[in-house]
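*Asks:* Residues per chain are reported as follows:
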Amino acid sequence: MTARRRVSLMVTCLGDLFFPDVGFSIVRLLRRLDVVVDVPPAQTCCGLPLFNSGYHAEARAVAARTAELFRDSEHVVVPSGSCAWMVKHEYPGLLAESGLAALAGEVAARTYELSQFLVRVLGATRFTSAVPGRVTYHDSCHLLRGLHESRSPRTLLENLSGAELVDLPGADECCGFGGSFSVRLPEVSTQILDKKLANVEATGAGCLVACDAGCLMQMRGGLTRRKSPVRALHLAEVLDGGRP
Amino acid sequence: MVDIARRAGARMAVKSKSMATEEIDLNEALEREGITPVETDLGEYIIQLAHERPSHIIAPAIHKTKGQVAELFSRELKRPVEADPEELTRIARAELRQKFLQADIGITGANFAVADTGTVVLVTNEGNGRMVTSLPRVHVAVMGAEKVVPSMTDLMVFLAILAKSATGQKLSVYTTLVRGPRRAGELEGPEEFHLVLLDSGRIAQLGGPLREALSCLRCGACLNVCPVYRQIGGHAYGHTYPGPIGILLTAMLEGTGSVKELAHASSLCGACADACPVRIDIPKMLIELRREVGDQKIAPWIERVTFKLLAQVLVRPALYRLAARVGRVLQRPFARGGTISGLPLFLDDWTRTRDLPPVAARTFQERWAAEREAAP
Chain A
34 MTARRRVSLM
44 VTCLGDLFFP
54 DVGFSIVRLL
64 RRLDVVVDVP
74 PAQTCCGLPL
84 FNSGYHAEAR
94 AVAARTAELF
104 RDSEHVVVPS
114 GSCAWMVKHE
124 YPGLLAESGL
134 AALAGEVAAR
144 TYELSQFLVR
154 VLGATRFTSA
164 VPGRVTYHDS
174 CHLLRGLHES
184 RSPRTLLENL
194 SGAELVDLPG
204 ADECCGFGGS
214 FSVRLPEVST
224 QILDKKLANV
234 EATGAGCLVA
244 CDAGCLMQMR
254 GGLTRRKSPV
264 RALHLAEVLD
274 GGRP
Chain B
13 MVDIARRAGA
23 RMAVKSKSMA
33 TEEIDLNEAL
43 EREGITPVET
53 DLGEYIIQLA
63 HERPSHIIAP
73 AIHKTKGQVA
83 ELFSRELKRP
93 VEADPEELTR
103 IARAELRQKF
113 LQADIGITGA
123 NFAVADTGTV
133 VLVTNEGNGR
143 MVTSLPRVHV
153 AVMGAEKVVP
163 SMTDLMVFLA
173 ILAKSATGQK
183 LSVYTTLVRG
193 PRRAGELEGP
203 EEFHLVLLDS
213 GRIAQLGGPL
223 REALSCLRCG
233 ACLNVCPVYR
243 QIGGHAYGHT
253 YPGPIGILLT
263 AMLEGTGSVK
273 ELAHASSLCG
283 ACADACPVRI
293 DIPKMLIELR
303 REVGDQKIAP
313 WIERVTFKLL
323 AQVLVRPALY
333 RLAARVGRVL
343 QRPFARGGTI
353 SGLPLFLDDW
363 TRTRDLPPVA
373 ARTFQERWAA
383 EREAAP
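The listed protein sequences correspond, in order, to chains A and B.
The numbers in the numbering used here rise by one with no breaks, and the one at position 124 of the first sequence is 157.
The numbers in the numbering used here rise by one with no breaks, and the one at position 235 of the second sequence is 247.
These aren't lab readings, by the way, just hints derived from the structure by calculation.
Just so you know, even glycine gets a beta-carbon here, dropped at the ideal spot from N, CA and C.
Please note that the accuracy of each hint is not assured.
EDC-like, lysine to aspartate or glutamate: derived pairs with alpha carbons at most 20 angstroms apart [unchecked claim]:
hint, chain 1, residue 1, chain 2, residue 2
1, B, Lys272, A, Glu220
2, B, Lys296, A, Glu220
3, B, Lys176, B, Asp166
4, B, Lys78, B, Glu107
A short list of chain B residues far from chain A (calculated; beta carbon distances all over 10 angstroms) [claimed, not checked]:
hint, residue
5, Gly79
6, Arg102
7, Val160
8, Arg191
9, Leu209
Same shape as in the complex, but just chain A:
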């Protein structure tokens, strides 16, 4: 018998504060796959908002703390492509200056965005949809162009029992969130969003799926504002329809 896999969930600041249900969906999904899940206590943020705005000394302090929390984790699973990118792509360089290059490198190597972990590590691709009917998928920028991942989420959605995946025109184009960009240039951010949402509504899908809490905040905020019937959900919530 092989040992059960162990996952530490990095819930992320947006996941913790605004989308707690996403975290619990992930826990349920992983437990159904016989994975042992823990949540290292006292998590805050990966530091990406500070890093992207150019506050690197501050981001380094936050990153050092977060890397330390996951020092002993076998696998780290993150619900957002952007936070996973931060850990995998930026932690090693950022933390080298604090003498934590080794720790950063180890944590980076063991960190996965959720869809990548499910498909590429666990080989789990059969799930039951929590939202029957047509769904469409938006590629989050950091997952797509940062982690070069467009396949895993689609594999999961294509195989999703009870749902039909339809292509989103311009799926790889930004939703206009961009962290602080969304409030520094709110008009431009919203114009980019409007284009995205027009594409979404044209698909006829009832549900828009994304793998990043930032994009979800932006797209859901736009959809509910325009009283659209389309729901924007995190991949984990969509996969969480019970045992297949």
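Given the coordinates of chain A, work out where chain B should sit on it, guided by the hints.
*Replies:* Chain B in isolation, oriented as in the chain A frame:
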């Protein structure tokens, strides 16, 4: 440059498309000397008639409709002109043919220069580059000092890359190679040739954080895919070079202070870096510029204080938990039906156009801790 034109006794200068001359405001300088600059690239010709600046690195008049171009031509020719691109091109061609023959001096940019043969290379799709470099008595080429490639073999690679990324062509229609003035026995070409190299902060970046941007071929691919450029257009950037690469070039040419706001005019979506044929990591350098803007205290103090406070909260979980509780109290008047649709003052930047999720009644970690306690 003005001296060269003056010595040549020039009264009219024909120009082929050149962003380098835009960068140094050459047209204005020539006009002050009583020398009439005439843009001969169709797009540049259009915006010169409109007294505007290029809004795109390779398609300077991309912001104009054919109707607007017809209006401009009608005004210039004092007769009605049909809004038909072929007809408009024919008219411009006829007008420009006269200018080529009249001009005393031809001014071009340079897409590349080849070090081992001393060749200046110009690509165009309209053939105007050929006319500008062969008809007037004097030819002046202006180029950024970074445009030198080692050999003809390298040039072939870059020509293919440039054409493909700029216009989706295998090769531009005209590739003009110039190695100086007319030589003894030659029938064509200028009597004088001058090459002007621009530094303007470029050479300093050989060891600087924007070094990669020196590889830019000016193909414009990053503009075409940029969601921000696509919404706001090139003029909104307010400098010679628009788009994502334009922000880096502006910082290089005019200093970090000039991009304190522009450095944030990107969602960092990375489409630019993906489209770039020479793999310039534009988002990385935009972040670097943001860092400089913060470090040099060019950023507004309120922003710097906000981010530093945020960092203090994020390294202290007790403060983070407290902030969540405070947020829940403060949002109470605004959260209705599980969503926040309006916030007061500057906080409205998000909620003017989008709903905001409220801080959850119980955060993930609060719920997780409670469940652990209930069933350890």
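*Asks:* If a hint holds in the structure, say so; if it does not, say that too.
*Replies:* Evaluation of the provided hints:
1. B:Lys272 / A:Glu220: Holds. Lysine 272 of chain B to glutamate 220 of chain A sits at ~19 angstroms (cutoff 20 angstroms).
2. B:Lys296 / A:Glu220: 24 angstroms, violated
3. B:Lys176 / B:Asp166: At roughly 16 angstroms apart (the allowed maximum being 20 angstroms), aspartate 166 of chain B and lysine 176 of chain B satisfy the hint.
4. B:Lys78 / B:Glu107: 18 angstroms, holds
5. Gly79: Nearest chain A Cβ is 24 angstroms from glycine 79 of chain B, so the label holds.
6. Arg102: 36 angstroms, holds
7. Val160: 31 angstroms, holds
8. Arg191: 42 angstroms, holds
9. Leu209: Holds: least Cβ distance 33 angstroms, greater than 10 angstroms.
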